[in-house]
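Just so you know, the sequences run in chain order A and B. Throughout the first sequence, residue numbering follows the working numbering, covering 9 to 119 in sequence. Throughout the second sequence, residue numbering follows the working numbering, covering 47 to 162 in sequence.
These are calculated hints, taken from the structure and not from any lab test. Think of the CB as a built atom: it goes at the ideal place given N, C-alpha and C, for glycine as much as any other residue. Hints may contain errors.
[To be verified] Here are the simulated distance ranges between beta carbons:
#: 1; chain 1: B; residue 1: Glu-109; chain 2: A; residue 2: Tyr-84; range: 41 to 47 angstroms
#: 2; chain 1: A; residue 1: Gly-68; chain 2: B; residue 2: Glu-109; range: 28 to 34 angstroms
#: 3; chain 1: B; residue 1: Arg-61; chain 2: A; residue 2: Thr-66; range: 33 to 39 angstroms
#: 4; chain 1: B; residue 1: Asn-99; chain 2: A; residue 2: Lys-9; range: 22 to 28 angstroms
#: 5; chain 1: B; residue 1: Lys-97; chain 2: A; residue 2: Ala-87; range: 29 to 35 angstroms
#: 6; chain 1: A; residue 1: Gln-89; chain 2: B; residue 2: Arg-61; range: 40 to 46 angstroms
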Amino acid sequence: KQEVTQIPAALSVPEGENLVLNCSFTDSAIYNLQWFRQDPGKGLTSLLLIQSSQREQTSGRLNASLDKSSGRSTLYIAASQPGDSATYLCAAPPPGTPLVFGKGTRLSVIA
Amino acid sequence: NAGVMQNPRHLVRRRGQEARLRCSPMKGHSHVYWYRQLPEEGLKFMVYLQKENIIDESGMPKERFSAEFPKEGPSILRIQQVVRGDSAAYFCASSPSQTVTIKGYTFGSGTRLTVV
């Protein structure tokens with residue numbers, strides 16, 4: 009059974025800092041790995057999707073990497089802004105199974 | 047493309063009443079997933095449906111909860127005789143058939159159920 013762990017649980021940084029969020033999963037036989045953002049009281053917004061054959065994906069200031077063999081993914085956020093404050097979730101489904109989420113990292117970017 | 051639509055956005059029910067939550071998947075998506083998010087907790091899978099079929103309900107409580115995805119119309123998550131512990135945000139996601147590995151999942155904005 010897939011288990012997803014996200015570290016740290018919470019993070020507070022000053023505006024402009026670069027930061028890294030970590031995600032680890034126990035079953036490396038995954039189709040893909042998806043990073044989401046959730047704002048308080050809102051739904052989930054997909055940020056990046058990395059296929060199992062890929063090593064990384066980039067979108068603007070966001071870069072996600074995937075190391076299947078070690079069961080890890082990182083989300084790198086460059087030049088953080090107060091608008092990046094949210095909870096970041098990763099999900100890594102093995103074939104034929106629904107998404108399994110970590111508990112998320114709650115990010116606060118202080119102006 | 048309107049995305050995944052969930053309604054209502056907020057639902058208040060008294061203990062013992064029934065709650066019906068609706069989810070209309072993205073156009074062209076025939077797979078629907080329901081998740082529950084309890085306060086200060088992560089998202090937990092409940093049920094996975096395709097049109098007229100329940101594929102995986104391993105995360106659904108055995109009693110009071112049911113889900114359907116009829117041939118026509120939205121998917122419905124139904125909670126009978128609600129209790130305070132059912133208060134949570136319920137999210138629906140959809141994915142296109144056969145291409146879920148490429149496109150990933152799209153989530154709705156959720157229904158926030160409050161049982162008073």
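Results for each hint:
no.: 1; hint: B:Glu-109 - A:Tyr-84: 41 to 47 angstroms; verdict: 44 angstroms, holds
no.: 2; hint: A:Gly-68 - B:Glu-109: 28 to 34 angstroms; verdict: 46 angstroms, violated
no.: 3; hint: B:Arg-61 - A:Thr-66: 33 to 39 angstroms; verdict: 49 angstroms, violated
no.: 4; hint: B:Asn-99 - A:Lys-9: 22 to 28 angstroms; verdict: 23 angstroms, holds
no.: 5; hint: B:Lys-97 - A:Ala-87: 29 to 35 angstroms; verdict: 45 angstroms, violated
no.: 6; hint: A:Gln-89 - B:Arg-61: 40 to 46 angstroms; verdict: 43 angstroms, holds
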